[in-house]
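Protein chains in written order, with my numbering: chain A, 491 to 1361; chain B, 72 to 185.
Hints were generated in silico from the structure; no laboratory data involved.
You may find that some hints are simply not true.
As the list claims (entries may be wrong) - Straight-line distance between alpha carbons at most 35 angstroms, and here's what the computed DSBU-like set of lysine-lysine pairs gives: (1) A:K1027 x A:K784; (2) A:K526 x B:K130; (3) A:K811 x A:K526; (4) A:K1037 x A:K914; (5) A:K1030 x A:K1151; (6) A:K526 x B:K134; (7) A:K526 x B:K147; (8) A:K1210 x A:K1016; (9) A:K811 x A:K1037; (10) A:K669 x A:K784; (11) B:K147 x A:K771; (12) A:K1141 x A:K1030.
Unchecked claim - From chain A, some residues computed to sit far from chain B (all C-beta separations above 12 angstroms): (13) R558; (14) L578; (15) N671; (16) T742; (17) I868; (18) K1239.
To be verified - Here's a subset of chain A near chain B, in silico, CB distances under 7 angstroms, partners left out: (19) F517; (20) Q521; (21) G545; (22) Q557; (23) P559.
Beta carbons: idealized from backbone N, C-alpha and C, even for Gly.
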Amino acid sequence: MIGEWLTRVRFLFAWKRRGEMDEELRFHLEQSIALKVAEGMSPAEARRVAMVEFGGVEATREECERQRPGWWMAGVLRDVRYAARGILAHRWFSAAIVVTLALGIGLNTMVFTLVNVVLFKPVPVPGGAQLVSVMNYNHARSDQSVPMSLPDFEQYRAQSTVFDFLEGATRESGVLVEKSNAPQRYSMTRATAGIFAMVQAKAVLGRGFLPSDVEPGAAPVMVIGYGVWKDRYSSSAGVIGRQVNVNGQPATIVGVMPEGFRFPENSDLWMPLVPTPELAKRDNRALWGYGMLKRGATLRAADAELNGIAGRLAAQFPEDKDLYANVLTFHQRFNGGKIRVVFLLMLAAVGFVLLIACADVANMMLSRSLSREREMSIRAALGAGRWRIVRQLLIESVVLSTMGGVLGLGLAASGVHWFDLQTKQIRPYWIEFSTDFTVFGYFAALCILSGVLFGIAPALRSSRPDLMGVLNDGARGSGRRSGGWLSATLVVFQFAVTLVLLTGAGIFVRSLMNSLSTNAFIPAAKLTTARVDLPEKRYKDADARVKYFDELLPELRAIPGVEHAAIASDAPGLGAGSQPVELEHVVVANLAQRPRAAILAVSPGYFETIHMPILSGRGFGEMDGAAHREAAVVTRDGANMLWPGQDAVGKRLRLLDDDGKPGEWITVVGISGNMLQEAQEDVPKPLMFLPYRQQGWGNMTLIVESDVDPLASMRKAAAKIDAELPLSEPRRLDAAIQQQVWFLSLFGKIFTGFALIAMLMAAVGLYSVIAHATSSRTQEIGVRIALGATVGNILLLMMRRGLWQIGAGLAIGVAGVVPMARVAGTVGVSGQVTEIFLVAALLLAMVGVFACWLPARRAALLDPVKAIRCE
Amino acid sequence: MPTSTDLLQGTLDLLILQTLSLEPMHGWGVALRIQQVSKDALQIGQGSLYPALYRLEYKGWIKSEWGSSENNRRAKFYRLTAAGRRQLEAEVETWDRLSAAIGLVLGRRVEVPR
């Protein structure tokens, strides 16, 4: 078998010499003559008969040649060489095509690389293709990512057979406290013992978890991430065995994980999940499940098996009612929904950009095919078949598109790198933007397909030249219009698609601007925020927590350069919790119909710090929030929602907890200006401020207004009151808001880039079509000018077709805008579509008119004497 | 007189392989031998013979080398390779099965091999 293959491969390169073939055939003929002579014919007669019997030698020769495996490659190679000569001969023409295709293919390869990583490529850990996410599915609330309780998880683990590993991990944060280091908050997970073994991760220093680590009563141990080791312990080997304090509990560091390892979800610290009475409760749902499927086991099988177990649990325990198991890949779990849609949208957008690029190139080739008619006619006259000519032209196109593609690879690589940098902060660690063979296959297919796509129409047109007409005529058939409809269609198509892309990008940008311009009264660039989370173990009740903040606030205000300081449960514009409220004298039948209000607990001075005006009534004073002095401030919109048409000041309401139990009556003391607290919310809830003393919450945000960076002083002030408490998430408010709209900002940039490239290409395409039309009608224009046509006449003559195409393109584009706006709506991006559409259409029309005006003007300003003699 | 093009697809290859399995031969010899053995029923023109020989050689089933003919003329001799012998066995088996099956369909009494 191998021998046969080697023979075949050998013949690919060494083909038989012609002389041998001739000699063999001559031998055959001679033998045939000799036989006939022996049978009694005269030599001359024998020769004649033998020759007749023998037939044509040339056909046999060709037939023999065709038996060689890969015989056609020689022809293809000849065509490639020929194409390369042609490409070099028309350097500028070819360069324009190559650059256009480089943009088209490069963008597509880039986006496909991203899509491949985000939606298809397995998680980059050993056995990543078998790695799944296991969670509960609450059909009633259509929430498919409900964490599991430890008892449920243990049942799944004990009863399932499809997993090599099934591990559970919590998502929490851990505050590290030691004498020699400042307290700091990290993202931490408490996980079952096999979490490292599952993905074959080994500690670079010390050890991972042992089965004994998760037994009740085991000595608490901790494994730290490479980043923590490097930054906090300056990569010291002595870190192993070190005693630290995590969330108020002692633990011993036993291991350091390798660089870049943050499994399962951007974790910095890992502790073994030791069962506690708290975790043993079935309604304590804290575990995210991760499973490594056995070789050969499918996700579907795992899902079915776990659902069988879940069904039994649901029947047995009331806490598990309505809960199903839900096994998904990481991509399905973490990159679903909006992310998935937006990446597919990107792929669609660049697909259209490539189509526009191909249409451009097809148009250029079409205009060139007119000037190549003579060449094609001669080839056809010399006997080249139609298929032969099409093949040669297609090979030329594919050579061009491959050159463009190779250039585009560079573009793709830098695009992917840029995207990688842009998303470093927000993506899960296991998403690595790198290429693989799938991407390369896609790229190669793209090169060939786009070559065929833009080459086929010009090739088919060129391959059936009107032989006599062209050969008799001069070099040019002036005034010939055939094929014009094709390039017109291409231009119309380009403008339609570009309009859709521009509008889409406009919707993103508009949406981004809307988000950034909300709460414009807040001096976000001057506000620094940081979070404090009082541990429940040391701050047991509301009084202790309020006391801490009461002491901290004057310290913050005393920092030099600080204009205002305040404390709030959330920074402005960054979301808030909500609770149902009961209004006094308003009877509502059941809890579900109660209005919900978004609630911010704030300190005195909050309104001054964020420069929020109080419209009527007053803000909070030091006494508000004490017993029997319960107070609230609502925004103007909030007041209108809760008490439409009435003055809200002096009205009373109560907060209800989730079981419907009411709290104390609260009196509205003031109405503030409006503020958007929740950036992405379809129906905003009424927003209400309550004194922090009234709520007594322990997880609060410090807000400090200052012209200089107050962070170091804020840390010092906090340490003065409690040295073991870190400030986390320190940032300027404008940066925080920017980060919150990363989705709009990043994809707004990307789609704008795509749309601008598309617009440029469409304009260049139209320009080249009009320019070609004018240059082939130079004589005619000269005659017209000589006969008295004005500049305006000529401009109109040359531009008429272009203007008509732009108009048709825009009209057709409208049809595409509607579904596109709907898809954009599904990723939470919507806006004044009509307005944006009009702006986009106007912009595109102006660019298009400019693109046909340029060549038309050149035609109109021709010197008629020269023009008539041109040729 | 059926020419080779009337032969079943692939049958010519079988005939050539079978002929060469006896001894190495030149192209002319192959044509002659087939003609003789088939009692002039099968005449193979050079137009199909040589492409077939080349095809078989490219597939590695036969090998060619220059030698001298009976009358001391330089001629190209083909001989079967080991792969060619295996191929011949396989094709003969296929042929037997096929012809037996066709015979059955035509209502002839034949013994089905195997």
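Going through the hints against the structure:
{"no.": "1", "hint": "A:K1027 x A:K784", "in the structure": "violated, 42 angstroms"}
{"no.": "2", "hint": "A:K526 x B:K130", "in the structure": "holds, 34 angstroms"}
{"no.": "3", "hint": "A:K811 x A:K526", "in the structure": "violated, 99 angstroms"}
{"no.": "4", "hint": "A:K1037 x A:K914", "in the structure": "violated, 39 angstroms"}
{"no.": "5", "hint": "A:K1030 x A:K1151", "in the structure": "holds, 22 angstroms"}
{"no.": "6", "hint": "A:K526 x B:K134", "in the structure": "holds, 29 angstroms"}
{"no.": "7", "hint": "A:K526 x B:K147", "in the structure": "holds, 21 angstroms"}
{"no.": "8", "hint": "A:K1210 x A:K1016", "in the structure": "holds, 24 angstroms"}
{"no.": "9", "hint": "A:K811 x A:K1037", "in the structure": "violated, 42 angstroms"}
{"no.": "10", "hint": "A:K669 x A:K784", "in the structure": "violated, 46 angstroms"}
{"no.": "11", "hint": "B:K147 x A:K771", "in the structure": "violated, 90 angstroms"}
{"no.": "12", "hint": "A:K1141 x A:K1030", "in the structure": "holds, 33 angstroms"}
{"no.": "13", "hint": "R558", "in the structure": "violated, 6 angstroms"}
{"no.": "14", "hint": "L578", "in the structure": "holds, 36 angstroms"}
{"no.": "15", "hint": "N671", "in the structure": "holds, 74 angstroms"}
{"no.": "16", "hint": "T742", "in the structure": "holds, 69 angstroms"}
{"no.": "17", "hint": "I868", "in the structure": "holds, 32 angstroms"}
{"no.": "18", "hint": "K1239", "in the structure": "holds, 57 angstroms"}
{"no.": "19", "hint": "F517", "in the structure": "holds, 5 angstroms"}
{"no.": "20", "hint": "Q521", "in the structure": "holds, 4 angstroms"}
{"no.": "21", "hint": "G545", "in the structure": "holds, 6 angstroms"}
{"no.": "22", "hint": "Q557", "in the structure": "holds, 4 angstroms"}
{"no.": "23", "hint": "P559", "in the structure": "holds, 6 angstroms"}
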